[in-house]
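**Q** Sequence:
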Amino acid sequence: MAEVRLFRTFSSPFALRIVWALKLKSIEFDTVLEDFPHKSAELLKYNPVHKKVPVLVHNEKPISESLVILEYIEETWKETPLLPDDPAERATARFWAKFGDEKLLSSIFRSVLRKGIEQEEAKLEARRNLEYVEEQLQGKRFFGGETIGFLDLVLGWMANLISILEETSGQDIIKEEQFPVLSKWMKDFSEVPVIKESMPPRDKLISKFQAMQQA
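In UniProt numbering, the protein residues as written are 1 to 215.
All the pointers check out, no bait thrown in.
No farther apart than 30 Å at their CA atoms in a straight line, the calculated lysine-lysine pairs in the DSBU-like style are these:
| hint | residue 1 | residue 2 |
| --- | --- | --- |
| 1 | Lys184 | Lys208 |
| 2 | Lys39 | Lys51 |
| 3 | Lys98 | Lys208 |
| 4 | Lys140 | Lys187 |
| 5 | Lys25 | Lys196 |
| 6 | Lys98 | Lys204 |
| 7 | Lys103 | Lys204 |
| 8 | Lys103 | Lys187 |
| 9 | Lys61 | Lys23 |
| 10 | Lys98 | Lys123 |
| 11 | Lys140 | Lys23 |
| 12 | Lys103 | Lys196 |
| 13 | Lys196 | Lys175 |
| 14 | Lys208 | Lys187 |
| 15 | Lys45 | Lys23 |
| 16 | Lys52 | Lys78 |
| 17 | Lys123 | Lys208 |
| 18 | Lys51 | Lys98 |
| 19 | Lys140 | Lys98 |
| 20 | Lys98 | Lys25 |
| 21 | Lys184 | Lys204 |
Pair ranges (Cβ atoms, derived):
| hint | residue 1 | residue 2 | range |
| --- | --- | --- | --- |
| 22 | Lys78 | Pro37 | 37 to 47 Å |
| 23 | Glu118 | Gln178 | 17 to 27 Å |
| 24 | Pro201 | Ser40 | 15 to 25 Å |
| 25 | Lys78 | Thr31 | 18 to 28 Å |
| 26 | Asp85 | Asp203 | 37 to 47 Å |
| 27 | Arg141 | Ser198 | 12 to 22 Å |
| 28 | Asp172 | Glu42 | 38 to 48 Å |
Note that these hints are calculated values from the structure, not bench results.
No residue lacks a Cβ here, since even glycine has one placed at the ideal position from N, Cα and C.
Using the sequences and the hints, build the whole thing.
**A** As structure tokens, this is what we get:
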């Protein structure tokens, strides 16, 4: 058994960022796939508070919550750094990572899952949030500069899920003419071999989100 294990599901965007980080740093790990809602006894043992993925287990010590796990990986394995050296730039990356999880992700999901006036309000909020993110990419290939960094991994769910949400909802979330820099980033990010080879099966994701929207 490898000293590093990752508990995840096939579709979790939060767990996928951990997969990418481990692979970018060439860290060997075992994957433990959970089948929600049936949670394994091991997952409940390692994450008794939230009872969810991802959970990274390193030398039998569990680490939960994806942003915390990314920080742990960065501090434990120094090779191929994901965060910049400058403290202000590191703080900026952390700020936008939190923004992505707390503001951007929720507004986009609400824009496709809600109905009526709630949906229209979510669409406006999502567009404003996307504009903020687009500004952070100006003049750069990746959020980390010329190479993938911490913030790219945190926001990488967009390259994975936006087209799925657009197909299953029939809505345009990110139009290339409206968000040219962000659109190019999603394409460039998706074509990086470590990223591309780890993407979940598209057909399974479509089935999952179709079921979510019907519910």
